[in-house]
Amino acid sequence: MAVREFLDEKFPGQWIGRRGPIEWPARSPDLTPLDFFLWGHLKSVVYKTEPASINDLRYRIVRECRSLSREVFKNVRNEFENRLWYCLEQNGEHFEHFIK
Numbered sequence: 001m002a003v004r005e006f007l008d009e010k011f012p013g014q015w016i017g018r019r020g021p022i023e024w025p026a027r028s029p030d031l032t033p034l035d036f037f038l039w040g041h042l043k044s045v046v047y048k049t050e051p052a053s054i055n056d057l058r059y060r061i062v063r064e065c066r067s068l069s070r071e072v073f074k075n076v077r078n079e080f081e082n083r084l085w086y087c088l089e090q091n092g093e094h095f096e097h098f099i100k
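Every letter in the sequence shown is one number past the one before it in the UniProt record's numbering, and letter 14, counting from 1, is 14.
These are computed hints drawn from the structure, not numbers from a lab.
On a predicted model such as this, the values are computed, not experimentally measured, just so you know.
One or more of the hints may lead you astray.
25 Å max Cα-Cα, derived SDA-like pairs, lysine to any residue [what the hints assert, rightly or not]:
hint, residue 1, residue 2
1, Lys100, Asp8
2, Lys43, Phe73
3, Lys100, His41
4, Lys74, His97
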């Protein structure tokens with residue numbers, strides 16, 4: 001018995017998943033600005049030199065977050081919109097190969 005058939009039998013109209021009765025949204029780090037931008041950016045800036053301590057690491061993270069300009073947020077928002085369009089065009093399937 002296929003998994004979907006099993007779920008339909010045991011949980012009719014209640015399970016969440018692709019092509020199921022309750023459609024599950026695309027989940028991808030490529031759709032999350034924290035994943036596709038912020039963590040990589042912070043890592044590249046914060047670890048240019050090794051932090052001397054945990055407090056130094058925290059200080060660097062906070063300093064860099066505070067220094068992000070409106071222009072950076074505008075660019076991230078635009079990139080997020082592009083990624084949403086790629087996701088929609090691919091019906092929620094893989095779209096990473098379209099990203100520059």
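Verification of the hints:
Under the criterion of a C-alpha separation no larger than 25 Å, the hint pairing Lys100 with Asp8 is inconsistent with the structure, at around 40 Å. Among the hinted pairs, Lys43 with Phe73 is consistent with the structure: their alpha-carbon atoms are about 17 Å apart, no more than 25 Å. A threshold of 25 Å between alpha carbons decides the hint, and for Lys100 with His41 the separation of about 17 Å falls inside it, so the pair holds. Between the alpha carbons of Lys74 and His97 the distance comes to roughly 23 Å, so the proposed pair stays at or under 25 Å and holds.
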